[in-house]
Amino acid sequence: MGTGISLNNLEITVLKGVGARLSETLQKLGINTVQDLLFHLPIRYLDRTRITAIRDLRTNTSVVIQGRVLSSQVNFGRRRSLAVTLEDATGSTCLRFYHFNAAQKNNFEEGRQVRCYGDPRLGVKGIEFYHPEYEFIDSASQAPVEQSLTPVYGLTEGLSQSRLRKLTEQAVEILDSHSPDELLSESVNAHFGVKSLSDALRFLHFPPPDAPVEEILNDQHPSQQRLAFEELIAHFMVRQQLRLQMHKNRSAPIQPHKSQADKLLASLPFSLTSAQTRVIEEIRGDLAKGLPMLRMLQGDVGSGKTLVAALATVDVASAGYQVAIVAPTEILAEQHFHNFSGWLDPLGIQVTWLVGKLKASERKTALAELASGAAQVVIGTHALFQEDVLFKNLGLSIIDEQHRFGVDQRLSLRKRTSDGLVPHQLVMTATPIPRTLAMTAYSELDYSVIDELPPGRTAIQTALVKQVRRPTLIERVKLACGEGAQVYWVCPLVEESETLSVANAEETFTDLQSQLGSVSIGLIHGRLKSQHKEEIMAAFKAGEIQLLVATTVIEVGVDVPNASLMIIENPERLGLAQLHQLRGRVGRGSVASHCVLLFGDKLSHQGKERLQVMRETNDGFVIAERDLQLRGPGELLGTRQAGDMSYRIADVQNHAHLLPLVHETGRQLMASDSPVTEKLIQRWIGDKKHYANA
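Under this note's numbering, the first residue of the sequence shown carries the number 1, and numbering increases by one thereafter.
Hints were generated in silico from the structure; no laboratory data involved.
Please read these numbers as outputs of a predicted model, since none were measured by experiment.
Take the hints with a grain of salt, since some may be wrong.
With a straight-line cut-off of 27 Å between C-alpha atoms, the simulated DSS-like cross-links for lysine-lysine are [unchecked claim]:
id, residue 1, residue 2
1, 466, 258
2, 248, 195
3, 258, 357
4, 359, 541
5, 289, 263
6, 359, 529
7, 16, 166
So the derived label-pair ranges between C-beta atoms look like this [as the list claims (entries may be wrong)]:
id, residue 1, residue 2, range
8, 161, 347, 56 to 62 Å
9, 667, 612, 37 to 43 Å
10, 672, 220, 29 to 35 Å
The beta carbon of each residue, even a glycine, is placed where N, CA and C say it ideally should be.
Start from the sequences, fold in the hints, and give me the full structure.
This is the structure we're talking about:
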């Protein structure tokens, strides 16, 4: 297939300027051949072909703006910064620099024309640019904008964009005499309206000046769709291969232990919902087969996933095997420890826990109990992934909020086998995964969905309130606390910095203390020592603290039924899925609950549209679909985690319409046992193939 000489064996060192050192650097990106470089596609494009008016700025979009310097000043706070106010005929914005010198400050003279390029983000003064690229423009002779889109590539240490672009230029020139293998049938190129794979690669690395900008930026160009189609097939096939591979392994066949389960259910003050009953039967069906269970349990906030996990744990522990339950935070791990201990101790099942804060002696004891099998159930955090954690006979691992963990970590529990048996694995998420995303990213997993909330749960009323109404809101908080309610006041991340986020929470805490003298207020954030965090949460649960000021550390799992009001400051900085998680901390009792989204005055149209979704629905699946449309799959999947098989060009939302054909083509290739299968997987996934087995 294809013309010319194949690129498969053309080493990267044939390119001018690539010696041993640069070759080693490129290997970190999986680039060993010229073909590898050509398939290292742009992750995005810089659109420097047009200037955007300041009033039209939106977050999460790279833009060029141009305006005159209105003022520049050095701000002194926890971090010194240079703030430059830039204005055009439509409005003003701030350029903020945390690393600068006196000469740089002096260059920003009032009245000078500046053109800058960057990603507008929400900051302390509304929309701001952090460390943008910029140049000063002589207003008498405007510098022309660029004529075509500029590709941006994924990098590694020791490699710059300009260096990689120059290497890619050489590789694209080689396409004139060498072509990549056309691994799919000739009809595929015709279907997408491209002449060849070579033409698609050439176009995407260096779009010509007359290329349709909007089409490319929205991932809808035929060349993008042609390559996305091939990449999605590779991902689909590797997931299916791994599913088949897993089913060649054996796991302990676990039968339901009805008497133990009945004892647990009889101790509860409520009955299982029909959805919980259905899901536990699906899990029991998997456990009994003697094949490794690979199941994802999805359920909205408060749907009762933990109890389902406990019933599965009872079956496995009663059969003589160990269970490991992993939570992303110590707060959630401790909560699970208390819940599971309360449920399982009366059944004679020993529960221990393993977290980073344990004393050396406590850790030693826990490790010994796991190795000997005395501890039947262990609950912990990332500490469970350490090399010295050994199990006698691990039968089931349960990963809570699985997208919070790196793939290497999830793999480490899969490897801990005994007698050649592979542990069953259940991954849980309170972030509902939209169907389009699940069909692609988790096609090797079986699914269980708890789509029903326990009876008696009240819907949370959500309101959007501007910052200017903050004083009125504080009065409402005072009134609610006076009536016995408990309140969360959440301060999200500031500029993606935990330090600044903590500073923001501390400032809010001090401010509320001064205005709510009669209210007992607590403060919790990620920088506090574990013991201090636990003491504060215990006091809040006991009702000794009425108002808890917190960062997003309380996002997952914290359960205080009496808390009925939550205020989230600057909600526009968070994704919808995360807002939904936070909101789920209230409404856990029978009292009517409210969530107030306290947004900034300069909210973009898109920002307002996103927050309206929160007001309109409490359905996590609806919210997840909208979050996917507005933000893309990265946040939902945790694709930034180390080792994940993240996509190079495919976008699950924009290319969802390709999925039926992707699955059909992938199944046909696998059924024919074609050598093309392995070639496609090697081209798109390479040595990351094993990571899918997580």
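Hints, one by one, checked against the model:
Distance check on the hinted pair: residue 466 and residue 258 sit about 54 Å apart at the alpha-carbon level, beyond 27 Å; violated. The suggested pairing of residue 248 with residue 195 is violated, with an alpha-carbon distance near 42 Å, which exceeds 27 Å. Using a Cα cut-off of 27 Å, the hinted pair residue 258 and residue 357 is violated, with the two alpha carbons roughly 36 Å apart. In summary, the hint linking residue 359 to residue 541 is supported, as the alpha carbons are separated by about 25 Å, within the 27 Å threshold.
Taken as a hint, the residue 289 and residue 263 pair is honoured in the structure, with Cα atoms around 25 Å apart against an allowance of 27 Å. This hinted pair checks out: residue 359 and residue 529 have alpha carbons roughly 14 Å apart, not beyond 27 Å. For the hint linking residue 16 to residue 166, the alpha-carbon distance of about 10 Å falls within 27 Å, and the restraint holds. Between residue 161 and residue 347 the C-beta distance comes to about 59 Å, which sits within the given range of 56 to 62 Å.
A hinted range of 37 to 43 Å for the beta carbons of residue 667 and residue 612 is consistent with their spacing of about 40 Å. Range check, residue 672 to residue 220: about 31 Å between beta-carbon atoms, so the 29 to 35 Å window is met.
Of the numbered hints given earlier, the model fails hints 1, 2 and 3; all others are met.
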